[in-house]
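Enquirer: Please arrange chain B on chain A, whose structure you already have, making use of the hints.
There are 2 protein chains.
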Amino acid sequence: MLEKFAPENIKSYTKSQLNVLCDELRVTIYDTVMRCGGHLASNLGSVESTVALFYVFDFPNDKIIFDVGHQCYPYKLLSGRYSRFDTLRQAGGISGFPKRTESEYDAYDTGHAGTSVSAAIGLAKARDLKGERRNVIAYIGDGSFNNGLVYEALNSLKILNTKILIILNDNGMSISPTVGGMYDIINQIKESGASESIRLLESFGLTYLGVKNGNDLEEMLSAMQEAKDLLQNGSVLLHIATKKGKGYEFSEDHPTGTHGVPPVGSPKDKEYSEVLGETLCALAEKNKSITVVSAAMKEALGLSDFFRDYPERAFDVGICEENASVLCAAMGAGGLKPYYAIYSTFLQRAFDEIIHDVCAQDMPVTFCIDRAGISGADGETHQGVFDLSYLSLIPNLTIAVPKDTEELRAMLEFSATYSHPLAIRYPRAGRVVFGGENKPIQVGEWEYLHKSTSKNGKKVAVVATGERCLIIAMKILKNMQEQGFDFDVVNARFVKPLDRQFVQNTDATHVLTLEDNVANGGFGQAVSMAFMQANKGCAVKNYAYRDEFIPQGNVAALQGEYGVNCKEIEEYVKSILV
Amino acid sequence: MLEKFAPENIKSYTKSQLNVLCDELRVTIYDTVMRCGGHLASNLGSVESTVALFYVFDFPNDKIIFDVGHQCYPYKLLSGRYSRFDTLRQAGGISGFPKRTESEYDAYDTGHAGTSVSAAIGLAKARDLKGERRNVIAYIGDGSFNNGLVYEALNSLKILNTKILIILNDNGMSISPTVGGMYDIINQIKESGASESIRLLESFGLTYLGVKNGNDLEEMLSAMQEAKDLLQNGSVLLHIATKKGKGYEFSEDHPTGTHGVPPVGSPKDKEYSEVLGETLCALAEKNKSITVVSAAMKEALGLSDFFRDYPERAFDVGICEENASVLCAAMGAGGLKPYYAIYSTFLQRAFDEIIHDVCAQDMPVTFCIDRAGISGADGETHQGVFDLSYLSLIPNLTIAVPKDTEELRAMLEFSATYSHPLAIRYPRAGRVVFGGENKPIQVGEWEYLHKSTSKNGKKVAVVATGERCLIIAMKILKNMQEQGFDFDVVNARFVKPLDRQFVQNTDATHVLTLEDNVANGGFGQAVSMAFMQANKGCAVKNYAYRDEFIPQGNVAALQGEYGVNCKEIEEYVKSILV
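So the sequences go chain by chain: A and B.
Our numbering applies: residue 1 is where the first sequence begins, and numbers increase by one.
Our numbering applies: residue 1 is where the second sequence begins, and numbers increase by one.
The hints are simulated quantities; they were obtained by calculation from the structure and are not laboratory data.
A portion of the hints provided could be inaccurate.
Identical copies carry no separate label here, and so any pair may be met within one copy or between two of them.
What the hints assert, rightly or not - In silico PhoX-like cross-links for lysine-lysine, where the CA-CA straight-line distance does not exceed 20 Å:
1. Lys-574 - Lys-541
2. Lys-270 - Lys-541
3. Lys-11 - Lys-536
4. Lys-4 - Lys-15
5. Lys-130 - Lys-212
6. Lys-130 - Lys-288
7. Lys-130 - Lys-286
8. Lys-536 - Lys-455
9. Lys-439 - Lys-536
10. Lys-11 - Lys-574
11. Lys-228 - Lys-163
Next up, chain A with everything else stripped away, as it sits in the complex (with noise of 0.2 Å):
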């Protein structure tokens, strides 16, 4: 049924078509999310509303926002992209976010949380100006509704007069349970109707209405049409309590373990994320003042020992990456040592509060970002390649880029006595320890991994931060070495400061630099200038992601694709010792 599906046909099905539909959605997102891997357990949650949906509205000429797209695939099955669905994740394939580049069903792209409903008014108010007759839906988790931008959004409603209709999909989930008063007041609707709160949601201009079993198919169609026509007179919230996981029993029991899944098989390397959370506990025994906040994310942060053993001295405060920021900057003002663990893409929300809470202060913040680099399979919205960029231009601020795990473990034991702001930037998987005799951290001080002798007065320094680039410079060395070949190695385990001591004494004529980052404000950019002012005569050559949004893929291809190319490197170097 759902082969031949086309959302122009759903009105004349009959209930029992519907619920076979929504079986089959249940069984493809099942089987697909096993073996691409992706966001199991909220789109199982979201197939009756998405249903219901299509049955009642009018797609693409009604517009729907996903937020953060964590609940797109039942849409994206019925919506034209059953039979191309099977590359859900891949190169070139299907996003696992909305992407207007890839249907026109979808109006809006997402990946990081809380923009639905300001892109719902916006599209709206588009609408209203121009004099078209279109519904806006905003489709949003309970998680999501947690973030301070959804509070503006919603504080903007008014302002801006228009009509939106808000789905609030409430499994008292995000990531990780949904925490906070906002929640309570959601929930307590949820539970006993608290009238107060729902006269709260209509101060904004809402009109509310609660659907108490989001999952039964009924239920939903008839409080879909209802909001439908309720919203021809103002914008509404459709709160519908639904069930991650639903219809998948391990699913339903695992909500957190299943939020992303891996596919089936997938090569399970020791991940910075469990390096973090044991030296972090190690730390936190001897040190009393060392906190930890997160923003939703503690599981895939690897700090779930750190709230079960630590949980007055942990701190997930939900999708709020901005309080997050200030709570450590605070925390750091009043004495205490906090580390703040979020991923490389979402700090990006935290930006200014860096700048201005953390920095200008020049509190003791840790900061670590996992996720750093290309992230993969999640795409544009999810790659971790603005960081060193964003982070560079920060006074007071500096920069650390492990090698391997145990690097990371040796910096935080480092930062522990450190009373500045610290950024520490990984990826997921360590797949490496590259061993060596591990010198003590000091800030801005780099390390060989290998040296080389000079041929012919050339001589080149392969200067590369963080293992995957390490891993690429180590790869390169080999082939070469091979061939007679020899160069450099440096691990630049600090991106600021840069480490002036090698600027003035290597004597390589030709530095390469090389790292998960766009080139842009990157470290590259930052060796390159430094050497221009050392004016040695040194030529510097950089090798970073150029300046695009870089799609889903696989992390080698996208690295070599984007920038950093093993293949290219080489044939450089040869040319230059040849």
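Expert: Using the frame of chain A, we list chain B on its own:
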């Protein structure tokens, strides 16, 4: 009385002495602001509440955070800074904002809106964990209370399980009148004691206490004591209705115009904001798709006429920079042509939304970035010296910098025909109009303001971006021409993309870059890299601000002191050409 005031004696003051103190505070603030410039109206409004704070609480052991700091003058005057207060906002003098380095009474630095509640929670949690005894207070205006960060903080109050006092100083104004759904809720409570709205606040874990006239000292004293008592049992929201500009008749009647006041006798140049307003009005008349979004700053940005003439296409969303950015992206997706006008430093708040919503989707949004570069008397938190760096790293974004107000006009006319993300950044005051042929704007094309000829095989090109730096370049040129030297002066009116033709074709042996921005990740670094890649042996030297937070002071003096120094540049040019 104020002259000899010491916080430890206030508890023995009679009511009439306290009233005299209030009067003296008002007079001192008025006199100082007339001489030094600064925030007048909000500081006049906070006099009584601040005296009550000192009467009831015990600073500096108790901690207070002012949000955004526009009401901290009475606090500064009462905490040992009376004698130095005549240096307000001057180089080396008293800051217009709280500054930990200035006094132990200042617990946390502010300047951007909405941080106070998070900061208070963080400080209170530090107190709890360290077993200290002190009260922690957030003092916030109703304008800041709109910001999403405040909501995120309120949301986390229960999670962090601590006790703070929030004083909501409600004068119905941010810089412009306060707007939006949340303020309707607050205002309902103020006007009619709407009990459901109060219960909402209680859902966040706050006990509500209202004061009808926050400029009545007796009322304030008893309410403050009550708040302190209630604080022993849990967090408290003390909602005080005050009059912005209280006690200064002109200010009471003109709270927007007297929010920030320049010193009497300041020179009045043609401001970039005037040109922005005029040009957008003219463009909007022809192009019905043009919309304008502002975050509570429409007057200062020159948009009053636009809001009057095109009210259906002009939106002031309050201090909600992130929401404004997403609204613009979505309006673009809906077929409109949105302009987002904002100060450089405040745009930092929307960093993620510029990337994720505007640029990743390649939306036709134009950012009109005012107060770019060093902004002067407001100090560290208000310098617009990071934007060229944090914008340059974003794919799909074009960055333009007009050489004068006339070129801003040309760039805005160009922007109306441009269907991709565009940032135009400029300082407040326009000092000169360079004239010349005013070539049509082409993306990435620079122009020569002066062409020289080579001498002894040496040729210098000074490539400067923005009016201030071009004024410096032309001034040095004039000086040096009188001494028989000559060099090229280039108006780098696009910072991204760079002018590749110039890089290829210039016959300069030495290029100097000048920018009103930090060096890290900025314009000069990108130019260095471009020449490094072009491999033509041209030396590049960058003049930009060094890696520090820049304090308050005179703009031109700070420029010279932090890295763009006329004399140094002139000497360097001379050293090349001699």
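Enquirer: Against each hint, give a clear statement of whether it holds in the structure.
Expert: Now the hints, each set against the structure:
1. For the identical chains of this complex, Lys-574 and Lys-541 are intra-copy neighbours only, at 14 Å inside a copy versus 30 Å across copies, given an alpha-carbon limit of 20 Å.
2. Within a single copy, Lys-270 and Lys-541 get their C-alpha atoms no closer than 32 Å, and across copies no closer than 45 Å, so neither meets the 20 Å cut-off.
3. Proximity of Lys-11 and Lys-536 under a CA criterion of 20 Å is satisfied in neither setting, with 74 Å inside one chain copy and 68 Å between copies.
4. With identical chains, the CA atoms of Lys-4 and Lys-15 are at most 20 Å apart within one copy only, with a shortest distance of 17 Å there and 82 Å across copies.
5. Proximity of Lys-130 and Lys-212 under a CA criterion of 20 Å is satisfied in neither setting, with 37 Å inside one chain copy and 45 Å between copies.
6. Proximity of Lys-130 and Lys-288 under a CA criterion of 20 Å is satisfied inter-copy only: 9 Å between copies versus 60 Å inside one chain copy.
7. In this assembly of identical chains, Lys-130 and Lys-286 lie within 20 Å of each other by CA distance solely across copies; the values are 15 Å between and 63 Å within a copy.
8. Only within a single protomer do Lys-536 and Lys-455 lie at most 20 Å apart by alpha-carbon distance; the minimum there is 19 Å, versus 25 Å between protomers.
9. For the identical chains of this complex, Lys-439 and Lys-536 are neighbours neither inside a copy (28 Å) nor across copies (39 Å), given an alpha-carbon limit of 20 Å.
10. For the homomeric pair Lys-11 and Lys-574, neither the shortest alpha-carbon distance inside one copy (66 Å) nor that between copies (80 Å) is at most 20 Å.
11. In this assembly of identical chains, Lys-228 and Lys-163 lie within 20 Å of each other by CA distance solely inside one copy; the values are 11 Å within and 43 Å between copies.
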